[in-house]
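Student: What follows is each chain in one-letter form.
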Amino acid sequence: MSEPLLEIKDLHVWFKVFGGILKVLDGVNFTVQPGEKVGLVGEMGCGKTTTMKAVMRLLPMPPAMIPKGEILFKGKDILKARQAELQQIRRKGISIIFQDPTAALNPVFTIGTQLQDAVRFTESSGENRAKENVRTRAIKVLKEVSLPDPERVLQNYPVQLSGGMRQRVCISMALVSTNELLIADEPGTSLDVTIRDQILRLLGELVEKRDTSVILISHALGAVRGMTDRLYVMYAGFMVEMARTEDLFAHPLHPYSQGLLAATPKLTGGGIGEGIDGRIPEYIDPPKGCRFHPRCKDAMPICKNEKPPFFKVGEGHEVACFLFQNYR
Amino acid sequence: MITLINSILTIEQLKKHFFTYQGIVKAVDGISFSVEEGETFGLVGESGSGKSTVAYTVIGMYKPTKGKIVYRGRDISQESVKRLHTLKKEIQIVFQDPGTSLNPSRSIKQILELPLKIHNISKNHKSRIDKVIELLEMVQLPVSYMYKYPSMIGGGEKQMVAIARALATDPSFILLDEPTSALDVSVQAKIIGMLIQFQKEFNLSYLFITHDLSLMRNVASRVAIMYLGKICEIATASEFFKNPLHPYTQMLLSSIPVISDEEESLKPKKIISKGEIPSPVNVPPGCSFHLRCPKKMDICSRKDPVMTEVSKGHTVRCHLYTK
Amino acid sequence: MQRESIRKQTLSKKWEDVRRGWYKFSRNPLSIIGLVVVCIILFVALFSPYVSPYPESAGKFINFYEASQPPSLTHLCGTDVFGRDILTRVFFGCRFSLMMGATVLALIVPAGVIMGLIAGYYRGRWLDTVIMRITDVFIALPPLILALAVCSVLTPGIFHAMLAISIAWWPWYTRMVYGIASSLKSEFFVQAAEVTGASRTHILFREILPNCIAPILTKMSLDMAWIILIGSSLSFVGLGAQPPTPDLGSMVADGSKYLPEQWWISIFPAFAIVLIVLGFNLLGDGIRDTLGAEGG
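Residue numbers (the numbering used here), protein chains in the order written: chain A, 1 to 328; chain B, 1001 to 1323; chain C, 2001 to 2296.
It should be emphasised that the hints constitute simulated quantities derived from the structure, not laboratory data.
All figures in this text were calculated on a predicted structure; none of them were measured in a lab.
Take the hints with a grain of salt, since some may be wrong.
[To be verified] When the alpha-carbon atoms are kept at most 25 Å apart in a straight line, the in silico SDA-like pairs for lysine to any residue are as follows:
#: 1; chain 1: C; residue 1: LYS2014; chain 2: A; residue 2: GLU282
#: 2; chain 1: B; residue 1: LYS1267; chain 2: A; residue 2: LYS297
#: 3; chain 1: C; residue 1: LYS2185; chain 2: B; residue 2: LYS1269
#: 4; chain 1: B; residue 1: LYS1082; chain 2: C; residue 2: LYS2024
#: 5; chain 1: C; residue 1: LYS2185; chain 2: B; residue 2: SER1181
#: 6; chain 1: A; residue 1: LYS297; chain 2: B; residue 2: LYS1296
#: 7; chain 1: A; residue 1: LYS140; chain 2: B; residue 2: LYS1015
#: 8; chain 1: B; residue 1: LYS1082; chain 2: C; residue 2: SER2186
#: 9; chain 1: B; residue 1: LYS1269; chain 2: A; residue 2: GLU282
#: 10; chain 1: B; residue 1: LYS1270; chain 2: A; residue 2: PRO148
#: 11; chain 1: B; residue 1: LYS1082; chain 2: C; residue 2: PHE2188
#: 12; chain 1: B; residue 1: LYS1015; chain 2: B; residue 2: SER1260
#: 13; chain 1: B; residue 1: LYS1242; chain 2: A; residue 2: ARG90
#: 14; chain 1: B; residue 1: LYS1082; chain 2: C; residue 2: TYR2121
#: 15; chain 1: B; residue 1: LYS1066; chain 2: C; residue 2: LYS2024
#: 16; chain 1: A; residue 1: LYS16; chain 2: B; residue 2: GLY1155
#: 17; chain 1: C; residue 1: LYS2024; chain 2: A; residue 2: SER177
#: 18; chain 1: C; residue 1: LYS2024; chain 2: A; residue 2: LYS297
#: 19; chain 1: B; residue 1: LYS1270; chain 2: B; residue 2: VAL1281
#: 20; chain 1: B; residue 1: LYS1270; chain 2: A; residue 2: GLU144
#: 21; chain 1: A; residue 1: LYS53; chain 2: A; residue 2: PRO148
#: 22; chain 1: B; residue 1: LYS1296; chain 2: A; residue 2: VAL193
#: 23; chain 1: B; residue 1: LYS1109; chain 2: C; residue 2: SER2199
#: 24; chain 1: C; residue 1: LYS2014; chain 2: A; residue 2: ARG279
#: 25; chain 1: C; residue 1: LYS2014; chain 2: A; residue 2: PRO286
#: 26; chain 1: B; residue 1: LYS1117; chain 2: C; residue 2: LYS2024
#: 27; chain 1: B; residue 1: LYS1082; chain 2: C; residue 2: LYS2014
#: 28; chain 1: A; residue 1: LYS16; chain 2: C; residue 2: ARG2200
#: 29; chain 1: B; residue 1: LYS1200; chain 2: A; residue 2: ASP277
[To be verified] Here are the simulated distance ranges between beta carbons:
#: 30; chain 1: A; residue 1: ARG82; chain 2: C; residue 2: VAL2018; range: 23 to 31 Å
#: 31; chain 1: B; residue 1: ASN1124; chain 2: C; residue 2: VAL2018; range: 28 to 36 Å
#: 32; chain 1: C; residue 1: GLN2242; chain 2: B; residue 2: ASN1124; range: 51 to 59 Å
#: 33; chain 1: B; residue 1: GLN1022; chain 2: A; residue 2: GLU151; range: 19 to 27 Å
#: 34; chain 1: B; residue 1: GLN1078; chain 2: C; residue 2: ARG2020; range: 40 to 48 Å
#: 35; chain 1: C; residue 1: ASP2136; chain 2: B; residue 2: GLU1036; range: 48 to 56 Å
No residue lacks a Cβ here, since even glycine has one placed at the ideal position from N, Cα and C.
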């Protein structure tokens, strides 16, 4: 197996607030191979955006702190990278598409200004920074995301475009440089179903064409099916299950994954499951041991005391649950 | 116009237009349907379809531009300030965004007490508090939440408070405007389960609005789909999902994400949706859907189709089916 | 029993809210400075008859033996041409200024806020237009000029000075509350109360007003500084307090004739004005940061 493109090892992220420390991420392990599409599924507040922000080093360092863990991009630790290296990674290595396209675009500048700024930042050589070259590249990348009439779009302000078009612009800004890893944080969540479908399919096509690795984050299971090779399920700051996408949908093993799948309304009718009792824990005083144990129907005494590591249960399928301690 | 015998709410050719600087926004442009007592009537559509406007007009936030709203045989087509006080007990609404539907400066107790005070439901302070405790227990929230403020509780719990508030006056009809759209799947399941249980217990009728078709499948007994202010198709839930007739319904159904192959096989053939959703200010002439319709015919750009009954209880508004 | 325990829990939660607010407030050292300064001034103002070294100096008092003394151990801020102790007069001046500020605020805040609430709630209707156009007229006039004009028409005196400042100042509260009320009017929680049948009074005072408290408090603190400043300016030109009332502005004016030799007569009252204004401004900023308000 070749070296992973991105490897997050035992990442802990804490936030200092009034009343104590929020221990949000509690030892996150996450890998992306080159050319792979990985999904990250988890409900609101589980820490997925925090993890991605940590990867891009976008967390405000006080109050956030990273007491333990490494984030290796192509073998080098991002957390220890110096400013120059970090800029290089952000330009050519990793790019991120944020969840809300309206918030990600500056309302007082035209799309053209913002897009051309993005192009200019990724180019270091003088010639490529020339005005016409930059504009040409901007138009080219807008065409790639299937935006009609790119010249007119360049002159528009974000408020003049629809939600779907804004999301496409954000995607184009992320694709402006040849990136190796694309992080898409809940793309299209704030959009209508038909538009979201278009956006997800667009992302799929672009990713195929450029052979980029993708991390697709979502809180709904349906969105990642068919778009990803492998899937992580996250709860309260740690990964609970990792499997190939078809395996996870066919045989979810962790009680939380099973609960999520059962609670998702299905087109076949037959009612919705009961949901999962309880609520996500307070990070200021998280439960000891497995953070899911207060809500788990199958909790055992060991779950209250020790944090479960990943247990291998099949080819590419791992579960962080003591139920599978002795799985063969 | 089909008026069922036991209908608790009937909408007749309802129109709501807004007059703005950009032009007339025809948010709701002539819709008719009725809700039977004790059933859940689903209203589905994307943004700009006008589904929320329907709810707001029924509850009285807006005055209808034209058309009638009939509740238990009585014409209530006015703003809420002009309606009978007792009517406001009977029809309640749960809003979409739990963050803004509860006043951040008021405690949960004060929020739940308000409808009790307005309608004199409890005789004195003590019995009011008891009723508040009863409401909190009904939605399975700890009683200690009484003195908390909305900012201290999660989104799902806020929505449960909103539901408790709606139930406080012992209503007969509740409008649910995307009650779980902002919430996670597990919380949604809990809330929907609760709503279904209350419906059985208190014989409630729901107008359930959502854009999530998979959710609608499990909640509604009859479904209407809206596009740009008009209804495209009405059918029973099973008929709607098994045999969708309107091209927009088919397009919507083919785009939804599902989580199993079984469901995938239930979806109609993939229709790649093209183009953007037009805004209700610029409604295209003829059939409002014709610009995006894969089955467009010549007549569609000229004439607006009317609702036709294709089979019992199944009506469509499309030239493909007009005789 | 159960309700008793819930009530106890509530009180402890409220205490925790206070502590959390204090934590936020104390993050900024400038806010603490503002709070300390304001506390000192309040103390001095409230207890001036007891803490001032020569309380007689606040009224009609003449002692030519001690007149025009520079600051010394017996008179920490020196004496003026009549022999009155400056420090005492500064203390009483603070008392005076604070009283004036408090009176003006007590007049304009209720009136301005109520009008703003009504105008905001009835936004788009004739009531809104009437109230806001009147407000606009008053806002268009610079406050100091307006106050001067009112004072010069009426006989000079503290009462009329306060009236003048009130007339100049009330529209700002109306405008601020109008902005908040008109945006809150369409929020879902107000609509929810309306469709359930809540009365107008309830919606204005129980739903909308609580959300305005934070910016109002911030503005009140910042305004205190402004009002005192304008009041002092009025006295400086002789339109406010009349002698022998110790007012900081008139003390600065009287002392300006003797600058620069007898500098202490003007400088100490001026310094007091600066301190008051600074203190209330810093406190107001601190309140805004803590409560997260958008004060005017």
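Student: Looking back at the numbered hints, which does the structure fail to meet, lowest number first?
Tutor: 2, 3, 4, 6, 7, 9, 12, 13, 15, 17, 18, 19, 21, 26, 27, 28 and 30
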